[in-house]
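Enquirer: Protein chains in written order, with the working numbering: chain Y, 62 to 432; chain S, 16 to 353.
A couple of the hints might just be wrong.
[Stated by the list, open to error] As a list, the in silico SDA-like pairs of lysine to any residue whose alpha-carbon atoms are at most 20 Å apart: (1) 100/S <-> 286/Y; (2) 100/S <-> 370/Y; (3) 47/S <-> 219/Y; (4) 100/S <-> 287/Y; (5) 100/S <-> 283/Y; (6) 398/Y <-> 221/S; (7) 67/S <-> 131/Y; (8) 93/S <-> 131/Y; (9) 398/Y <-> 198/S; (10) 332/S <-> 137/Y; (11) 93/S <-> 370/Y; (12) 67/S <-> 104/Y; (13) 67/S <-> 294/Y; (14) 332/S <-> 392/Y; (15) 398/Y <-> 194/S; (16) 47/S <-> 216/Y; (17) 67/S <-> 129/Y; (18) 100/S <-> 137/Y; (19) 398/Y <-> 225/S; (20) 67/S <-> 162/Y; (21) 91/S <-> 160/Y; (22) 100/S <-> 284/Y.
[Unchecked claim] Some chain Y residues well away from chain S (every beta-carbon gap over 10 Å; in silico): (23) 89; (24) 93; (25) 94; (26) 97; (27) 112; (28) 135; (29) 149; (30) 220; (31) 242; (32) 249; (33) 260; (34) 263; (35) 321; (36) 326; (37) 375; (38) 420.
No lab work stands behind these hints, which were simulated from the structure alone. Virtual Cβ for every residue (Gly too), placed ideally from N, Cα, C.
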Amino acid sequence: MSNASDPIVFTPTPAQPPPANTVGVVGWLRANLFNGWFNSLLTVLSVYLLYVTIPPLLDWLFLSATVSGTDRSACEGADGACWTFIKMRFNQILFGFYPDGEQWRPIATFVIGFGALISTVFPSKARKWTVLFLLTLYPVLAFFLLSGGYFGLEEVETAKWGGLTVTLVVSVTGIVASFPIGIVLALGRRSNMPIVRSACVVFIEVVRGVPLISVLFMASVMLPLFLPEGMNFNKLLRALVGVTLFTAAYMAEVVRGGLQAVPKGQYEGAAALGLRYWQMMILIILPQALKLVIPSIVNSFISLFKDTTLVYIVGLFDVLEIIRVSTKDANWIGFEKEGYVFAAFMFWIFCFAMSRVSLRIEKRLDTSHRK
Amino acid sequence: MNKLSQFTIGAMLALGSVTAAQAATLDDVKEKGFVQCGVSTGLAGFSAPDDKGNYSGLDVDVCKAVAAAVFGDATKVKFTPLTAKERFTALQSGEVDMLSRNTTWTLNRDTAQGLSFTGVTYYDGQGFMVRKDLGIKSAKELAGASVCTETGTTTELNLADYFKTHGMEYTVVALGSNSEAVAAYDSGRCDVYTTDASGLYATRIALEDPTAHMVLPEIISKEPLGPVVRQGDSQWFNVVKWSLYAMVAAEEYGVTMANVDEMKESKNPEVKRLLGAEGEFGTPMGLPNDWAYQIVKQLGNYGEAFERNVGEGSPLKIDRGINALWTEGGLQYAPPFR
Chain Y
62 MSNASDPIVF
72 TPTPAQPPPA
82 NTVGVVGWLR
92 ANLFNGWFNS
102 LLTVLSVYLL
112 YVTIPPLLDW
122 LFLSATVSGT
132 DRSACEGADG
142 ACWTFIKMRF
152 NQILFGFYPD
162 GEQWRPIATF
172 VIGFGALIST
182 VFPSKARKWT
192 VLFLLTLYPV
202 LAFFLLSGGY
212 FGLEEVETAK
222 WGGLTVTLVV
232 SVTGIVASFP
242 IGIVLALGRR
252 SNMPIVRSAC
262 VVFIEVVRGV
272 PLISVLFMAS
282 VMLPLFLPEG
292 MNFNKLLRAL
302 VGVTLFTAAY
312 MAEVVRGGLQ
322 AVPKGQYEGA
332 AALGLRYWQM
342 MILIILPQAL
352 KLVIPSIVNS
362 FISLFKDTTL
372 VYIVGLFDVL
382 EIIRVSTKDA
392 NWIGFEKEGY
402 VFAAFMFWIF
412 CFAMSRVSLR
422 IEKRLDTSHR
432 K
Chain S
16 MNKLSQFTIG
26 AMLALGSVTA
36 AQAATLDDVK
46 EKGFVQCGVS
56 TGLAGFSAPD
66 DKGNYSGLDV
76 DVCKAVAAAV
86 FGDATKVKFT
96 PLTAKERFTA
106 LQSGEVDMLS
116 RNTTWTLNRD
126 TAQGLSFTGV
136 TYYDGQGFMV
146 RKDLGIKSAK
156 ELAGASVCTE
166 TGTTTELNLA
176 DYFKTHGMEY
186 TVVALGSNSE
196 AVAAYDSGRC
206 DVYTTDASGL
216 YATRIALEDP
226 TAHMVLPEII
236 SKEPLGPVVR
246 QGDSQWFNVV
256 KWSLYAMVAA
266 EEYGVTMANV
276 DEMKESKNPE
286 VKRLLGAEGE
296 FGTPMGLPND
306 WAYQIVKQLG
316 NYGEAFERNV
326 GEGSPLKIDR
336 GINALWTEGG
346 LQYAPPFR
């Protein structure tokens, strides 16, 4: 039929479709979930566990939950969560006993703060000024806004602060104030001056060696006994000082880790350029060192944020404590579950946001050798 | 007393802060314009913030009564929520003027720790809760029962003593925490749940069906809870002590928030002396003569405060029991007003 002189032309046969059980949903399932008998067993077990836990959880959280009404009678006989409790106490959870008409002040304080903070994540020309505002003017502004007593604002004593307001005040102050103190301590620990060095070492090791709860406890139970009569530090201030010093000690060690990771050549190069100690640190070393330890710094901040719940030991009502106290009101006894689930949710939102922001900062500052 | 508190008090004495703290508290309070009162950080019916963020409860009303006696205005009081650990330090260091914080009156606290208890707001003590369908009316019928309790507390020891004294057998189901004990009782693992009586009533509200449970009348331990002031300031001590007595006496003479104005015209000289219509009984304490009138006018008598905060008028529904007046078989008793 064909002539021998005809060139043999290669005509590829069209590729067969892959076997049906290796593509699409089935293929994905086989490759990822039913890959061998052990994985199949795990898959079946996990699906069963999810089946057992998720529907009742959703049912409790949403489907059978109560949100109507204004007191416990609305929830009697209901199977699901009683969000009425959270609804009625929402204001207290956010502001504690802050007077009703003045609650715009904590809101304004935190909106300004978070607004400024978020704007620094996105590149813009005003960023430097925003950072400067956050570190210098903002704390002053926040203090006057929250405590009042000036500019026609009604004075609100710190005993009335509570809930999320206290949690944020303690953690933000702790974060902002502990950072510079931590850097100074880290530099001090690496200093050549024996007195400075040993003072820093003693402070760091002593503070890191005791639990935060005992620092707060000392501040609230022992300190007043040693002070002259009539000299009472504000409870909130006591907690703030305790938390700040405690975090600063941890921050110092984190920063020291960064300082040690900067190659010696950088120090020598800076010295060879004739830079003085502070110029060398601020212009050359610290920018490199801090960038390296961003994840650890954010880690410390997240752990500080959660540690703020310990201020209950000095009788301050943070988010968690105000929820616990609310369940001690005879009208709301027995709704601990709802309260604690809600508290966990609030903490998760803040911690998750912090870790996202840190990722962005890391990406923006990334000048690493990987590039 | 443990070593630490001995040390702190020693240190305090050394620093002379105790002598400083003895300065007339009443004058300080008048100068400040309010009473600084230490309360619990949250105990149902005794002191807890309500939905509006205002403190209310029986302990809180005692603070308000003192404010009413001193200033004629029960709102001139500021509350400092205190944990059990910091309560005495706060009082000793002058951070609060008085403590009204479910604190048990004991010999050691009253004598060795620089504190003075001024009276008893609420006679608490260990009690028993059972299901109504058991048909039990008294703790003496509990032979053979299984009892849920928290492990490692005096509650457990009191329980053992009580059953031994009465020659009854029982099974103890000791659990790690109070909430576990409650859960075990609610799920039917034991017949009886025991803790302090005030705690029993608070627990009952949170049970699945509160109406199916009852608290037995027997109280097997003594936990008198009362206001505390610093030792050595007898004027302030008297003010706090008699503010509470005034409430008790008012109940005894039938003076209530509603009828206090009419009662001023009462024929009973004791009532007239109480309300300041006769004699000068406020002056020696440094108080205005209508001090007790102001207390009853603004807060009611002891019975009213009890009903409103922990009794039938509240979700707790605590039985008056041993907190009834002495005339009704209880322990509440005020010395004569003369």
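Enquirer: Evaluate each hint against the coordinates.
Expert: So, going through the hints one by one against the coordinates:
no., hint, verdict
1, 100/S <-> 286/Y, "holds (14 Å)"
2, 100/S <-> 370/Y, "holds (17 Å)"
3, 47/S <-> 219/Y, "holds (18 Å)"
4, 100/S <-> 287/Y, "holds (17 Å)"
5, 100/S <-> 283/Y, "holds (11 Å)"
6, 398/Y <-> 221/S, "holds (12 Å)"
7, 67/S <-> 131/Y, "holds (12 Å)"
8, 93/S <-> 131/Y, "violated (28 Å)"
9, 398/Y <-> 198/S, "holds (13 Å)"
10, 332/S <-> 137/Y, "holds (17 Å)"
11, 93/S <-> 370/Y, "violated (24 Å)"
12, 67/S <-> 104/Y, "violated (50 Å)"
13, 67/S <-> 294/Y, "violated (28 Å)"
14, 332/S <-> 392/Y, "holds (12 Å)"
15, 398/Y <-> 194/S, "holds (12 Å)"
16, 47/S <-> 216/Y, "holds (17 Å)"
17, 67/S <-> 129/Y, "holds (18 Å)"
18, 100/S <-> 137/Y, "violated (36 Å)"
19, 398/Y <-> 225/S, "holds (18 Å)"
20, 67/S <-> 162/Y, "holds (13 Å)"
21, 91/S <-> 160/Y, "holds (17 Å)"
22, 100/S <-> 284/Y, "holds (14 Å)"
23, 89, "holds (44 Å)"
24, 93, "holds (40 Å)"
25, 94, "holds (38 Å)"
26, 97, "holds (42 Å)"
27, 112, "holds (25 Å)"
28, 135, "holds (13 Å)"
29, 149, "violated (5 Å)"
30, 220, "violated (7 Å)"
31, 242, "holds (27 Å)"
32, 249, "holds (32 Å)"
33, 260, "holds (26 Å)"
34, 263, "holds (23 Å)"
35, 321, "holds (40 Å)"
36, 326, "holds (54 Å)"
37, 375, "violated (7 Å)"
38, 420, "holds (38 Å)"
Hint check: violations occur at hints 8, 11, 12, 13, 18, 29, 30 and 37; the rest are consistent with the structure.
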